[in-house]
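Enquirer: Once you've looked at the hints, dock chain B against the given chain A.
Chains A and B are the protein sequences, given in the same order.
Just so we're aligned: the first sequence equals residues 1 to 319 in this note's numbering.
Just so we're aligned: the second sequence equals residues 320 to 917 in this note's numbering.
It should be emphasised that the hints constitute simulated quantities derived from the structure, not laboratory data.
Check the hints yourself; a few may be wrong.
As the list claims (entries may be wrong) - Here are some chain A residues pointing at chain B (derived, C-beta under 8 Å): (1) Ser157; (2) Thr159; (3) Leu163; (4) Ile260; (5) Gln264; (6) Leu280.
The structure presented is a predicted model; accordingly, all values stated were derived computationally and were not measured.
Every residue, glycine too, gets a C-beta built ideally from N, C-alpha and C.
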Amino acid sequence: MSQYVLRRLLIAVPSLLGISLVLFIVLALAPGDPFSELATNPNVPPEVAASLRAKFGLDDPIYLRYLHWITAMLHGDWGFSFVSRMNVDTLILQRLPATLYIIGSAQILALCIAIPVGVFAATRPYSIFDQVANTLAFIGFSLPTFFTGLLFILLFSITLDWLPFVYTSDIKATGFRWVVEQVRQAIMPVMVLGLFQAASMTRFVRSAMLDVIRLDYVTTARAKGLGQPRVIIKHAMRNALIPVVTLVALQMPAVFGGAIVTEQIFRIPGIGSLLISSILSNDTPVVMAVTFVFACLVVLFNLIADVLYGWLDPRISLR
Amino acid sequence: MLDHELRTMIDEVKDGRMDRRGFVQRMLAFGLTAPMATQILAVGGVAMAESPSAYKPTKRGGGGALKLLWWQGPTLLNPHFATGTKDQDGSRLFYEPLACWDPDGNMKLVLAAEIPSLQNGGLAADGMSVTWKLKPGVKWHDGKPFNADDVVFNWEYARDPATATVTIGVHRNITVEKIDDLTVKITFTKPTPFWADAFVGAPGSIIPKHLFAEYKGAKSREAPNNLAPVGTGPYKFVEFKPGDIIRGELNPDYHMPNRPYFDTLEMKGGGDAVSAARAVIQTGEYDFGWNIQVEDDILLRLEKGGKGKTIYAVGGDTEFIALNFTDPNTEIDGERSSIKTKHPLLSDPAVRKALAMLVDREAVKKVIYGRAGRVTSNFLNGPEKFVSKNTTWEFSVEKASKLLEDAGWKAGADGIREKDGKKLKLLYQTAINGPRQKTQAIVKQACQKAGIDVELKSVVASVFFSSDVANPDTYAKFYADLEMFQIPMSQPDPSQLMRRFHSRNVATKENKWQGVNFPRWVNKDFDAAVDAAEGETDAVKRAALYIKANEIMMQDVVFIPVMHRLKVEACANTLRPVVSGWANETDNLFDWYREATG
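With the rest of the complex left out, here is chain A:
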């Protein structure tokens, strides 16, 4: 098992290098100048922007710039934001907790809904429960998060006045009140993201379960006289979860994508909203770093998926 994890880790390194190279080239070729705001300002002479460009090496050839970036990165220097003139790593670390908190909670919520509902629906195909669950799942993943987000705001913030719709990164209260406030402001974004995820995952869990439940070994287990819960949970579910793990892991980039929109709607200071504002202001060091963090997360979640495969089906890690 440890050898298997090591092998996977070794594969992750060149993939990250490749990703960073592609990202860097794309960003370097993309139109947009981080100092364009200086250039349009009639009060700033062009020499200022030119000297800044030279100082930050923006006029060097791409390969040199990439080498600079990657060596700096290896030394733990992520560069600094042209817009806020602070270090990129500080900027990202400021934003990461909110994103992880919201996305993590949403993902847990999604799993908590999808697995039981999917499994239960699969054990009683075409029952009323199954049909209701199916219909809701369909509605759930047809509605985009920006729509449900607004709907939630209209209902819970404006009509009912129960929840705040502006996310505050540091709540002034302490102790128990702080926890309550944190939960209160996270309810809507987590619900929006989580329900969207849960909808597509429920359908996936159901079909994976249906595939497994008809296999001979499940029938054998039943024939042995094992009880229904034991057959379902121990025999069928464990195998059905393998493709679900793949789905969850591979969907992480999409979840971050959905979170960008949700972060905008609820004003969550996460890395998604940081990415949007940085792209709009051509703040290349930040865009590069954030997309690279996304890439790392994707690779990381793939790694986690691989490890989980190994745990769920030991044959995989031996191969």
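Expert: Structure of chain B alone, referenced to chain A:
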């Protein structure tokens, strides 16, 4: 005539036969008043009075928390690096200038002890220098005294090209010297009628020498206080997360009596204008929402039974349609809209005049801008004393059609007018934005009725307003026949705005389209009027020159003014903010307070 009247009135004020208020009211009657009325008086030889403040609280603090919502959050807190108004707004929470602008465009003292005038010797009669007296006893937030050295340092800091500040343009051509600890003298290289540019308003905020002296020049980025401001303002810095949140708390040593009112301050960033309006007006989660560019009917709906309302500040921002004087469809030396070409359709004055008649400004106001706009026939809409009263506008499809008919533009088989084989087809572009696209639709409809075919195009704002040389869709390249947007007027003086359209500023490939005269309009009379106004120290003559420059523009139909736009802010019913159309929203923050009942 007006010149004479004004002169007589200024003399009367000087002799004490008329009081200041009377002067302003008389100017109103003449249609020539008056955000800059006091500045007229100042240059006319009458001392400026500080405008009265509506601030009521009788003690410092006790006002609880002030929660501000900026849908674009500030990303840095050094006024010398602030590229947009959002950064200026954020810096201004903690840093202060010598003086700022009140809602009428009058000067209000902040760190200065008195307004420079001819009487007190602050203003040189030749317009070559201004001397500021500083308020004694002002302390930085860390307890160190504020004095003339700080002011001089800010000049040295900003004018150093290696520091790479955005305020370099203001400081490059002046000399600032310390006379004594509380007096500084600014010397200009030529007579400067608008002497209140450096150290005034949000961009003029002053940073402390003792914390930034080591970080002048190439090391400017490394200053730890770039992110943790230590200013002189009413609120002390607590916390800053770029683009997300700024926190401040009451400054117990603030130099103005009974101020500030609020105990803590929070500025939250992010989101969009509509939801910002909602959080202030409808749910009351926040006290103040910045720059609410939202259709009026949405705002009216939010205001019904809400906890807040919208407030308006009058400035000089004009939404306009610019006409291209060059041909966007012919390429010369790899350059479209080259200054060497002439627009095949718009070079006909009759077409331009007809187009101006086809913009139904009343309808645009009624349907789109509502309370946030005023119809206008001028490009230059403020301050009031620079606004022409001689221009008019009308909307008439019949007259426009007749004008075109008489000029030889006859309707073809498809109903579109043509002349010499050229069809009257125009491409009309703008930045993606609800009100702008609705305006486009209204104009297109009227044009259709008059036999002009208009094709609409809208470009994402971040591309449209960028200076990206590789992108063909920027406003400066102007690869269209008509384009619509606004140029924010950031100071109560038209020189910066009008200078843009001097013929030496035409946008071309050569200057990488950084020339700011994007309609590529060349007019000798306009150039002469603007040049003359730049060096004219006689306020009355100067105003007349700018009025004339605007009239030349309107005569030539370089711009079709669509709307004189007001600043719109969302505000809690109980909050009493002071917002000027001539300054940043946070410029008068020290005067904000809350009243117990809305």
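Enquirer: Look at each hint and say if it fits the structure.
Expert: How the hints compare with the structure:
Interface restraint check: Ser157(A) against chain B, minimum CB-CB distance 6 Å, threshold 8 Å, status holds. Proximity of Thr159(A) to chain B is violated relative to the hint, the smallest CB-CB distance being about 10 Å (cut-off 8 Å). The closest approach between the C-beta of Leu163(A) and any C-beta of chain B is roughly 10 Å, which is over the 8 Å cut-off, so the hint fails. A least Cβ separation of about 12 Å between Ile260(A) and chain B goes past the 8 Å threshold, and the interface hint is therefore violated.
A hinted interface residue such as Gln264(A) counts as satisfied when its beta carbon comes closer than 8 Å to some beta carbon of chain B; here the least separation is about 7 Å, so the hint holds. Nearest Cβ of chain B to the Cβ of Leu280(A): about 5 Å, under the 8 Å cut. The hint holds.
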